[in-house]
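Trainee: What follows is each chain in one-letter form.
Protein chains: 2
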Amino acid sequence: MLNDILQQPSGKLKTFSTVTKDFLPGEFATTTISEINEVATNAAQAFLQYRKKTAAERAIFLESIADEIMALGDELIQRAMLETGLPEARLIGERGRTVGQLKLFAEVLREGSWVEAVIDIAMPDRKPLPRPDIRKMLIPIGPVLVFGASNFPFAFSTAGGDTASALAAGNPVIVKAHEGHLGTNELMAKAITNAAKKTNMPDAVFSFVTSSDVSTIQHLVKQEAIKAIGFTGSYKAGMAIFKTATTERKTPIPVFAEMSSINPVIILPGKLKQDAEAVAAQIAASITLGTGQFCTNPGLLFIIKNEAAEKFITALSKIIAATIPAVMLNKSVCHNYYNSKNKLQQQPGIAVLATVDDAMPDYKGSATLLQTDAVNFIANENLQAEVFGPSSLVVLCNDEQELNEAIHALHGQLTGTIIGDKTDVETFAFCIDALAEKVGRLLFNGVPTGVEVCHAMVHGGPYPSTSNAASTSVGADAIKRFARPICLQDCPAVLLPEALKSGNPLQIMRKINGQYSRDTVED
Amino acid sequence: MLNDILQQPSGKLKTFSTVTKDFLPGEFATTTISEINEVATNAAQAFLQYRKKTAAERAIFLESIADEIMALGDELIQRAMLETGLPEARLIGERGRTVGQLKLFAEVLREGSWVEAVIDIAMPDRKPLPRPDIRKMLIPIGPVLVFGASNFPFAFSTAGGDTASALAAGNPVIVKAHEGHLGTNELMAKAITNAAKKTNMPDAVFSFVTSSDVSTIQHLVKQEAIKAIGFTGSYKAGMAIFKTATTERKTPIPVFAEMSSINPVIILPGKLKQDAEAVAAQIAASITLGTGQFCTNPGLLFIIKNEAAEKFITALSKIIAATIPAVMLNKSVCHNYYNSKNKLQQQPGIAVLATVDDAMPDYKGSATLLQTDAVNFIANENLQAEVFGPSSLVVLCNDEQELNEAIHALHGQLTGTIIGDKTDVETFAFCIDALAEKVGRLLFNGVPTGVEVCHAMVHGGPYPSTSNAASTSVGADAIKRFARPICLQDCPAVLLPEALKSGNPLQIMRKINGQYSRDTVED
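In order, the protein sequence lines correspond to chains B and A. Just so it is clear: in the first sequence, position 362 is 494 by the working numbering, and no numbers are missing. Just so it is clear: in the second sequence, position 407 is 539 by the working numbering, and no numbers are missing.
Heads up, a few of these hints could be off.
The list makes no distinction among identical chains, and a pair is therefore deemed to hold if it is satisfied within one copy or across any two copies.
Stated by the list, open to error - With a Cα cut of at most 27 Å, we get these calculated DSS-like pairs of lysine-lysine:
| id | residue 1 | residue 2 |
| --- | --- | --- |
| 1 | LYS437 | LYS405 |
| 2 | LYS570 | LYS633 |
| 3 | LYS375 | LYS612 |
| 4 | LYS146 | LYS475 |
| 5 | LYS382 | LYS354 |
| 6 | LYS633 | LYS382 |
| 7 | LYS612 | LYS259 |
| 8 | LYS570 | LYS612 |
| 9 | LYS185 | LYS554 |
| 10 | LYS382 | LYS570 |
| 11 | LYS375 | LYS450 |
What the hints contain is simulated information worked out from the structure, not anything from laboratory work. Just so we're clear, the structure is a prediction, and the values are computed from it rather than from any experiment.
Pulled out of the complex, with its shape left as it was, chain B reads as follows (with noise of 0.2 Å):
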């Protein structure tokens, strides 16, 4: 980071607030290599016993760290308000889905059915070979490092996402903590450390590590104590430790790295020309939402050359000319949006539709509407590149050809969103349907931030987006993420789980024989 960290004389770190422009008041010390061997085998050892713990327990555990986070008050909000820049409200906001993300988790503890329970009955007088009792459900994996993001100092941060998802699924945490909000940090991990000393829970169910040193960070990646990583930041970040993990550990260990997604979104025409102004209010407004730091900005603008466009063009140029400057979340990240900006302004075929003077000094991030064309765009793929930050790149395209190749040029996105009516959606099929190919989500009519926390929410998508296109980050089945199956063959009743019991005890939905059931099976 950009001398967003600094290191006192005592090898504490203070952090740099883009709010009051100078360090916060606060020291945190820095974990040392042997302290981290310490966490990961402590973690390994929790471990043992927090696995037993029955779903009903951990259920209590997740609303318990709910509880804490919100006993944490204001201290909290204001803390991370400095920290990060974002203002009171989105910081409630944030909270409250934070907690709203434990409950959710602790709902499908209680449910039950998420183990993914399967069941074939014997058969013990089939021919040639009789058939075995074969019964199978999803076990944590063990202990789950997490590394937050800045932009979600609480969601997707100490207590978010990805800690309430794998302590769910039955796994110790231990979160390295993001220098941007160490303070935020350390209220969060009390809170969950208060939730598990009234819980009964191992002490080290949770832990948490704080270096800016990437040796130090790396030596934590290849400890084999730990069997899965949920990563949230940059791309490059993200891949060093997605290598590390697969290649430089002797288990390579699943990376779950949401990373980088500038979240096409394809304006047709025929929406266009009834609305336009409407449409580019819309746009605006997610563009510059939370000065555009959300994985999920739209960064890209798909849209067909003709009057409607060119006067939507100019009704978005004209709002994001206007916007006001917000300070961003820190130094670096502020940084990375002007340098990432200036890079792609660069790119030979772009024109600035409208800018707002720079803002750097102030940390603040300054708006802007770049465009190029089709032919640009695909040949390009450094157009590609994400710009963290309030701005966006309109790739005008003279007709329907030339956009379902630029979407077939696009690399794999979070989120990709069509804007369109009735007769825009059938035309434009084709492209609907290609655009599917590179997404996780794909949104009509919408705009793509905003990160629904429910069942069917898919947080990731084809690769750059993330490591693992087979997962999510939010909603319900992200605790997935942190489980494996185990397969049990003529097991003895007395040591089969509860949820593999012949009796249904949980009352959970199972596959007997391929089929759902909540039925109770003959021993």
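With chain B's structure known, arrange chain A on it following the hints.
Mentor: Okay, now just chain A, sitting in the frame of chain B:
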């Protein structure tokens, strides 16, 4: 491979038979680099059509492959016998299993719920923000590259489980033909190609590549059109592919490699006291089944020292020493067997309990039983190297504590087996619990060889048994390796896939607002 392949002056390949001890008739063209590019491009093109086929159409295709395999008749069996040295009855059985797998996936497709449809209904009146309509399901990921195994020329090769599950999920398949059975591969490929034609599937829904050249195979793995890899084979080859696929491609892709397992069997004292000789006979049969050429061959036997253990060892040694060597799959498997067995024997603290004269000149595998103690086992990871063939290592433990420590020292395994009576299972619950953490399948009072193709099977396990402990390569859920979730937000009804339509036309099980149901939902 060790001269199993003879390259003709024409560049074509001939395969060696351990049965005839000569090269077999038939020459097989090798695939060039430019042909590989073409195969990959064609598979990507075929995907555009194939992914549009309904589940019912894909089911018919899979059943047609099954029919075409049966229609190959005795020619297939005879060729495979010559190419693999496997006996007729085993190959007829394996063909039945292969056809059964294809039919199981056809059933899974017809039942339809495997796509994991989840619907969260819109809440337009929710405060502070309305909730959109969000629906998700699994979709195919694109062309899958399959590396078949030598030891199951039908069930884990050209038309085996990886191919069946990838095709079932909606993906074209490219098979890297196994050099051990190129003639069998051609026949199986013909069956699949015929089925594709008869059921109106795109030509390139299936293709295969023949090459014994490492750089050509790497070129294949690096094709961007390929979106996932299924592999069954050696640790060395599996990890080479894993490394290329995760770090040397522009887009890293998932590798489902089933590689190396020594399948520990824990034989507990109660059971042994009752039945030492019967257990010895059961275990001996599993060690020598198919000349030990099973991924699930029991290569480690843990027992606690006592009188019954001695009786067991004596009985087992006697059977092993009397085992008549049988022909192995090919020269290199045979060579590697003797080589890895000798390496293991030369480790400190290894005693030979029973052995049969080397039969390497006849390409036959001689059964062997070795012994060590728990302290030695725990101290030396080399004792966990896979010996692929009819060999097993007895690990004598002084007591429960040593047994428990030895289990903790185990690497990840496909299977772990407990042989024990009711009291054993209670007394050694902590050991069983520890073993569960190491394996994909935990079985009781049976043998690990023999993998049931069913819904609850897990043929997978922690590294190094596989590269992805969250997956299975056998059973219904193998299909999920080759799919990813997509989320549709406020999708117009006309564009919703059948599985997500409000009326539930497929009548599948779905999750609606978190609850399992086959109900329709309001639009």
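Trainee: Is it within, between, both, or neither for LYS382 and LYS570, if the alpha carbons may be no more than 27 Å apart?
Mentor: Classified as between; 15 Å across copies, 33 Å inside a copy.
Trainee: Measure nothing new, just compare the shortest in-copy and cross-copy C-alpha distances for LYS146 and LYS475 to 27 Å and report within, between, both or neither.
Mentor: Neither, since 31 Å and 56 Å both go past 27 Å.
Trainee: Given a CA cutoff of 27 Å, do LYS612 and LYS259 count as a within-copy pair, a between-copy pair, both, or neither?
Mentor: The answer is neither: 37 Å in one copy and 29 Å across copies each exceed 27 Å.
Trainee: Given a CA cutoff of 27 Å, do LYS382 and LYS354 count as a within-copy pair, a between-copy pair, both, or neither?
Mentor: Answer is both: 8 Å inside a copy and 24 Å across each meet the 27 Å cutoff.
Trainee: When no copy is specified for LYS570 and LYS633, does a C-alpha distance of 27 Å or less occur within a copy, between copies, both, or neither?
Mentor: Close across copies (22 Å), not inside one copy (42 Å); limit 27 Å.
Trainee: Is the C-alpha distance from LYS633 to LYS382 at most 27 Å within one copy, between copies, in both cases, or in neither?
Mentor: neither (36 Å within a copy, 46 Å between copies)
Trainee: If the cut is 27 Å between Cα atoms, do LYS185 and LYS554 qualify within a copy, between copies, both or neither?
Mentor: Result: close only across copies, 25 Å inter versus 51 Å intra.
Trainee: Give the relationship of LYS375 and LYS612 under a CA distance limit of 27 Å: within one copy only, between copies only, both, or neither.
Mentor: Both. Shortest intra-copy (22 Å) and inter-copy (25 Å) distances satisfy the 27 Å Cα cut-off.
Trainee: Cα distance capped at 27 Å. Does LYS437 pair with LYS405 within a copy, between copies, both, or neither?
Mentor: within (12 Å within a copy, 84 Å between copies)
Trainee: Between LYS375 and LYS450, at a C-alpha cutoff of 27 Å, which is it: within one copy, between copies, both, or neither?
Mentor: This pair counts as neither: shortest intra-copy Cα distance 44 Å, inter-copy 50 Å.
Trainee: Checking an output row: LYS570 and LYS612, CA cutoff 27 Å. Within, between, both or neither?
Mentor: Both: 22 Å inside a copy, 19 Å across copies.
Hint violations for this structure: numbers 4, 6, 7 and 11, all remaining hints satisfied.
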